[in-house]
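Student: What follows is each chain in one-letter form.
2 protein chains.
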Amino acid sequence: MKKHRANKAAIIGGGVIGGGWAARFLLNGWDVHVYDPDPDAERKVNEVLANARWALPMLYDRALPKEGRLVFAQTLEDAVLDANWVQESVPEKLELKREIIRLVQAHEAGIVIVSSSTSGFKPTDLQQGASNPEMIIVSHPFNPVYLLPLVEVVAGEATHPTVIEDACETLTAIGMFPLVVRREIDAHIADRFLEAVWREALWLIKDGIATTEEIDNAIRYGFGLRWAQMGLFETYRIAGGEGGMAHFIQQFGPALKWPWTKLMDVPELTDELVQQVGDQSDAQSGHLTIRELERLRDTNLIAMMRALKDRGSAAGKLIADHERAFQEPDASEVPFVTIRRTVPVDWTDYNGHMNESRYGQMFSDAADAVMVAVGADPDYIASGLSYFTVETSVKYVLETHAGEDVRVETRILLGEGKKLKLLHDMRRATDGELLATCDQFLLHVSLETRKTCEPRADVANRLRELTARHADARAEQERTIQ
Amino acid sequence: MKKHRANKAAIIGGGVIGGGWAARFLLNGWDVHVYDPDPDAERKVNEVLANARWALPMLYDRALPKEGRLVFAQTLEDAVLDANWVQESVPEKLELKREIIRLVQAHEAGIVIVSSSTSGFKPTDLQQGASNPEMIIVSHPFNPVYLLPLVEVVAGEATHPTVIEDACETLTAIGMFPLVVRREIDAHIADRFLEAVWREALWLIKDGIATTEEIDNAIRYGFGLRWAQMGLFETYRIAGGEGGMAHFIQQFGPALKWPWTKLMDVPELTDELVQQVGDQSDAQSGHLTIRELERLRDTNLIAMMRALKDRGSAAGKLIADHERAFQEPDASEVPFVTIRRTVPVDWTDYNGHMNESRYGQMFSDAADAVMVAVGADPDYIASGLSYFTVETSVKYVLETHAGEDVRVETRILLGEGKKLKLLHDMRRATDGELLATCDQFLLHVSLETRKTCEPRADVANRLRELTARHADARAEQERTIQ
Numbered sequence: 000m001k002k003h004r005a006n007k008a009a010i011i012g013g014g015v016i017g018g019g020w021a022a023r024f025l026l027n028g029w030d031v032h033v034y035d036p037d038p039d040a041e042r043k044v045n046e047v048l049a050n051a052r053w054a055l056p057m058l059y060d061r062a063l064p065k066e067g068r069l070v071f072a073q074t075l076e077d078a079v080l081d082a083n084w085v086q087e088s089v090p091e092k093l094e095l096k097r098e099i100i101r102l103v104q105a106h107e108a109g110i111v112i113v114s115s116s117t118s119g120f121k122p123t124d125l126q127q128g129a130s131n132p133e134m135i136i137v138s139h140p141f142n143p144v145y146l147l148p149l150v151e152v153v154a155g156e157a158t159h160p161t162v163i164e165d166a167c168e169t170l171t172a173i174g175m176f177p178l179v180v181r182r183e184i185d186a187h188i189a190d191r192f193l194e195a196v197w198r199e200a201l202w203l204i205k206d207g208i209a210t211t212e213e214i215d216n217a218i219r220y221g222f223g224l225r226w227a228q229m230g231l232f233e234t235y236r237i238a239g240g241e242g243g244m245a246h247f248i249q250q251f252g253p254a255l256k257w258p259w260t261k262l263m264d265v266p267e268l269t270d271e272l273v274q275q276v277g278d279q280s281d282a283q284s285g286h287l288t289i290r291e292l293e294r295l296r297d298t299n300l301i302a303m304m305r306a307l308k309d310r311g312s313a314a315g316k317l318i319a320d321h322e323r324a325f326q327e328p329d330a331s332e333v334p335f336v337t338i339r340r341t342v343p344v345d346w347t348d349y350n351g352h353m354n355e356s357r358y359g360q361m362f363s364d365a366a367d368a369v370m371v372a373v374g375a376d377p378d379y380i381a382s383g384l385s386y387f388t389v390e391t392s393v394k395y396v397l398e399t400h401a402g403e404d405v406r407v408e409t410r411i412l413l414g415e416g417k418k419l420k421l422l423h424d425m426r427r428a429t430d431g432e433l434l435a436t437c438d439q440f441l442l443h444v445s446l447e448t449r450k451t452c453e454p455r456a457d458v459a460n461r462l463r464e465l466t467a468r469h470a471d472a473r474a475e476q477e478r479t480i481q
Numbered sequence: 000m001k002k003h004r005a006n007k008a009a010i011i012g013g014g015v016i017g018g019g020w021a022a023r024f025l026l027n028g029w030d031v032h033v034y035d036p037d038p039d040a041e042r043k044v045n046e047v048l049a050n051a052r053w054a055l056p057m058l059y060d061r062a063l064p065k066e067g068r069l070v071f072a073q074t075l076e077d078a079v080l081d082a083n084w085v086q087e088s089v090p091e092k093l094e095l096k097r098e099i100i101r102l103v104q105a106h107e108a109g110i111v112i113v114s115s116s117t118s119g120f121k122p123t124d125l126q127q128g129a130s131n132p133e134m135i136i137v138s139h140p141f142n143p144v145y146l147l148p149l150v151e152v153v154a155g156e157a158t159h160p161t162v163i164e165d166a167c168e169t170l171t172a173i174g175m176f177p178l179v180v181r182r183e184i185d186a187h188i189a190d191r192f193l194e195a196v197w198r199e200a201l202w203l204i205k206d207g208i209a210t211t212e213e214i215d216n217a218i219r220y221g222f223g224l225r226w227a228q229m230g231l232f233e234t235y236r237i238a239g240g241e242g243g244m245a246h247f248i249q250q251f252g253p254a255l256k257w258p259w260t261k262l263m264d265v266p267e268l269t270d271e272l273v274q275q276v277g278d279q280s281d282a283q284s285g286h287l288t289i290r291e292l293e294r295l296r297d298t299n300l301i302a303m304m305r306a307l308k309d310r311g312s313a314a315g316k317l318i319a320d321h322e323r324a325f326q327e328p329d330a331s332e333v334p335f336v337t338i339r340r341t342v343p344v345d346w347t348d349y350n351g352h353m354n355e356s357r358y359g360q361m362f363s364d365a366a367d368a369v370m371v372a373v374g375a376d377p378d379y380i381a382s383g384l385s386y387f388t389v390e391t392s393v394k395y396v397l398e399t400h401a402g403e404d405v406r407v408e409t410r411i412l413l414g415e416g417k418k419l420k421l422l423h424d425m426r427r428a429t430d431g432e433l434l435a436t437c438d439q440f441l442l443h444v445s446l447e448t449r450k451t452c453e454p455r456a457d458v459a460n461r462l463r464e465l466t467a468r469h470a471d472a473r474a475e476q477e478r479t480i481q
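If you're matching them up, the sequences are chains A and B in order.
One point on numbering: in numbering that gives the first Met the number 0, the residue at position 304 of the first sequence is 303, and numbering is uninterrupted.
One point on numbering: in numbering that gives the first Met the number 0, the residue at position 189 of the second sequence is 188, and numbering is uninterrupted.
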């Protein structure tokens with residue numbers, strides 16, 4: 000293996016899926032080289048990237064790493080040269096995919112993972128005739144690739160065992176959830192469910208039971224909400240009650256053999272049925288362009304995933320875990336930058352700007368960063384001690400909008416005994432313009448008695464040190480100005 | 000039809016579904032009479048109600064109506080007497096359901112809607128032999144009934160057409176989304192999808208492709224999140240890109256006939272398979288009790304649905320629409336109560352109490368209520384005028400916790416020209432204890448120039464009047480104290 004080379008992903012095929020992969024890698028700090036002979040590929044990838052650059056940073060409460068370099072390669076060879084990961088996302092034709100993989104491996108000596116985005120083929124099928132089948136896997140993502148964490152990872156018969164391990168490490172590092180499929184099977188796991196639902200849906204439309212919109216409503220107002228956070232089995236475990244899962248199956252199992260199983264056939268895709276589905280979909284969503292639908296979908300996904308993040312649950316837990324790899328506030332900086340982040344879309348209100356309550360969120364998070372810096376971290380809180388805010392005063396200077404990068408600079412004005420006084424300046428990251436200021440007064444408390452008390456000695460000491468450093472910096476600054 | 004009687008729902012069958020229905024009606028102000036001869040029914044219903052009383056008020060940003068009266072009826076006749084709605088949720092046995100419906104109709108002269116929660120039977124099957132088949136329908140809800148809005152409404156052959164209309168009106172009034180199924184079919188719509196996925200999932204487990212936990216992850220980290228807000232067809236419309244839905248079908252349609260269609264058979268539910276699913280589910284979720292799983296599910300649902308509410312999208316739009324029926328702030332009250340609400344669980348932080356930013360939210364909402372009261376309502380904002388907050392100062396007096404009912408009393412200190420100064424007292428609803436205070440300074444702005452400007456004359460006048468009334472009330476109060 001070569002050493003010390005920067006992380007580089009080669010993306011072969013620049014459609015919606017390839018573009019999504021490019022965004023995932025790029026926004027997590029990888030260099031990305033895209034190869035696609037289609038003259039429209041650059042435009043298409045840039046469209047996906049524009050969506051991703053808007054959406055992905057909003058998932059997190061810390062700034063993403065510095066974006067990598069994006070190159071549209073002239074040849075497949077250029078794209079693949081020195082890559083650490085090759086992702087193939089060309090159309091679902093087995094021979095085409097095999098040929099691309101053959102060309103890729105002809106250029107890179109079989110040292111890099113070559114992964115296919117195929118939704119249907121088994122990796123063993125892709126390995127046929129390859130020069131280095133041991134490096135070939137499937138990693139099947141879900142649209143929008145830049146937001147949804149799921150990626151199905153599948154080994155073929157010839158895949159080297161450590162390759163799956165390495166692949167999972169890379170995919171986790173770019174914020175995805177690699178689900179290793181135990182045995183390869185056509186369509187992997189999730190798409191089998193999608194196909195099952197799709198077949199049933201086409202029957203319901205064909206038989207005049209429901210329209211596309213009614214089917215969507217049947218999903219999104221009911222089990223769709225359940226499945227966004229627990230999936231099928233954990234939900235049914237609850238339905239089983241104290242009797243548990245086995246009770247549930249015994250109770251509902253027989254329903255599987257009821258008469259509607261006759262509808263498991265595939266409906267014939269006549270021109271008439273295609274037209275019917277198309278017309279119903281137009282009636283349902285035709286008032287919105289695809290771009291508008293994408294924005295609606297992404298906004299909803301961000302809002303729901305951020306809500307789950309606040310609960311530390313489901314997809315939100317993955318985001319919180321991933322975020323820990325991003326740059327932490329560094330208390331040795333002067334000024335102490337306690338927050339570096341993008342303003343997410345769920346923080347704005349009907350006036351089109353960040354709601355005043357979210358300034359409070361920003362400054363509350365900034366106070367948390369100070370607490371962590373002096374050792375009043377989650378462990379300390381778990382031990383029964385914390386700081387409570389007793390008074391805040393905020394001045395709103397300039398409007399702040401969704402998607403803007405901001406930072407908060409924090410100064411400790413007083414850090415003695417139970418008392419902690421902070422002064423926060425919130426600034427636009429691009430030009431340093433002041434957006435708001437906040438005076439904040441906190442008291443140290445016992446979480447048991449809910450009354451004030453002295454901080455632990457080590458926290459008190461670190462707080463005193465940091466306070467002194469901030470006072471020195473201010474004195475230094477004043478001297479410089481005079 | 001009898002007139003002037005209070006709304007009363009009779010709930011026949013007090014399991015998880017019956018309890019969920021009881022909660023829906025009760026918390027929306029209906030009297031509820033439950034009949035179930037099972038000696039455990041009262042305990043079971045009360046358990047569901049405890050969950051619902053905790054969860055449902057948290058969905059909304061206004062207080063729910065006053066809870067109705069709950070009665071555990073000794074006889075079916077008592078339960079049904081003078082009811083406006085009868086909901087049958089007994090076990091899925093056709094003969095039992097027919098017998099219950101027969102008994103219900105023997106007691107109420109065929110003037111009330113009798114609706115079945117059946118997940119499988121067609122209403123026409125339930126109408127066989129009934130004295131008043133025209134009043135019989137299916138309304139099939141989804142667990143947890145007190146949170147998920149979907150209810151499938153199905154007419155049988157004999158159902159009177161206006162009955163479906165009346166049923167939809169009632170169901171909408173208790174915050175549900177009635178999906179009228181165009182033609183009756185076994186298992187209606189949503190459960191057909193659930194069965195399709197369930198069949199596929201059992202095969203995947205039986206064949207050792209995936210465990211229950213892996214299947215849940217395949218759902219909740221991928222398409223589950225998509226389906227919680229858009230469903231199947233609108234999501235696929237995006238996947239079809241500019242080519243639209245017909246393009247999507249033509250591209251992906253052939254996949255329906257791929258070899259995995261062989262797996263559409265029903266796997267045999269051997270003891271071994273039941274055991275396997277049960278064991279995997281224990282390994283996945285066995286560390287949590289059913290109560291803990293319910294709380295986790297409900298908390299996640301609340302957080303996601305509230306996130307969608309902030310976006311005015313999907314299930315969140317339904318909640319916002321329903322909320323409009325709840326009591327609005329009344330500016331003629333002294334003191335002016337601008338907020339009456341329950342503190343939702345997504346407003347609390349690691350200290351176990353409401354995060355400081357959510358006090359800001361509360362006071363921001365209180366300011367909105369003042370704006371609406373003086374005519375600076377959404378239409379006014381749409382016309383390009385609004386108030387922006389320029390300074391707030393909050394004093395946190397007592398801790399506030401999830402599930403607590405609170406109110407905000409607001410006084411206008413200054414309402415002249417561009418200036419608006421408000422003083423908010425936030426109090427616990429149960430005992431009036433002061434929780435926090437907020438001084439808030441707002442300026443009237445043009446949304447076009449983003450600069451301050453005078454309010455429209457009618458708004459300025461109403462603001463002056465309300466300010467004067469608040470000043471008078473304060474003077475009066477001070478006189479009384481002296």
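Among the hints, a few may not be true.
With beta-carbon atoms standing in for the labels, derived distance ranges [stated by the list, open to error]:
#1 E94/A to Q127/B: 54 to 60 Å
#2 D438/B to R449/A: 24 to 30 Å
#3 R294/B to D329/A: 36 to 42 Å
Derived pair list, reagent style DSS-like, types lysine-lysine, alpha-carbon separation capped at 27 Å [claimed, not checked]:
#4 K65/B to K92/B
#5 K316/B to K394/B
#6 K394/A to K394/B
#7 K43/B to K394/A
#8 K43/B to K65/B
#9 K420/A to K65/B
#10 K417/B to K450/B
#11 K394/B to K417/A
#12 K43/A to K92/A
#13 K394/B to K417/B
#14 K450/B to K418/A
#15 K205/B to K394/A
#16 K420/B to K420/A
#17 K121/A to K205/B
Not close to chain B: a few residues of chain A, all C-beta gaps over 12 Å, as computed [to be verified]:
#18 A49
#19 R61
#20 E94
#21 T123
#22 P140
#23 F192
#24 R198
#25 R219
#26 D430
Calculated directly from the structure, the hints in this document are not laboratory data.
Cβ coordinates follow ideal geometry from the N, Cα and C atoms, glycine included.
Student: All hints are to be evaluated individually against the structure, with a verdict given for each.
Tutor: These are the hints, each one checked on the structure:
1. E94/A to Q127/B: 54 to 60 Å: holds (58 Å)
2. D438/B to R449/A: 24 to 30 Å: Given a distance of about 25 Å, which is inside 24 to 30 Å, the answer is holds.
3. R294/B to D329/A: 36 to 42 Å: holds (38 Å)
4. K65/B to K92/B: The given pair, whose Cα atoms are some 36 Å apart, is violated under the 27 Å limit.
5. K316/B to K394/B: violated (33 Å)
6. K394/A to K394/B: Holds: K394/A and K394/B sit about 15 Å apart, inside 27 Å.
7. K43/B to K394/A: Given that 27 Å is the threshold and the Cα spacing comes to 52 Å, the pair is violated.
8. K43/B to K65/B: Given that 27 Å is the threshold and the Cα spacing comes to 23 Å, the pair holds.
9. K420/A to K65/B: Violated, because 43 Å separates the two Cα atoms, which is more than 27 Å.
10. K417/B to K450/B: holds (11 Å)
11. K394/B to K417/A: holds (17 Å)
12. K43/A to K92/A: holds (21 Å)
13. K394/B to K417/B: holds (26 Å)
14. K450/B to K418/A: violated (39 Å)
15. K205/B to K394/A: Violated, because 62 Å separates the two Cα atoms, which is more than 27 Å.
16. K420/B to K420/A: holds (26 Å)
17. K121/A to K205/B: Roughly 19 Å between the alpha carbons, so the hint for K121/A and K205/B holds.
18. A49: holds (15 Å)
19. R61: At about 17 Å from chain B, R61/A clears the 12 Å cut-off, so the statement holds.
20. E94: holds (16 Å)
21. T123: At about 14 Å from chain B, T123/A clears the 12 Å cut-off, so the statement holds.
22. P140: violated (9 Å)
23. F192: violated (5 Å)
24. R198: violated (6 Å)
25. R219: Since the minimum Cβ distance to chain B is about 5 Å, R219/A lies within 12 Å and the statement is violated.
26. D430: holds (17 Å)
Comparing the model with each numbered hint stated earlier shows that hints 4, 5, 7, 9, 14, 15, 22, 23, 24 and 25 do not hold.
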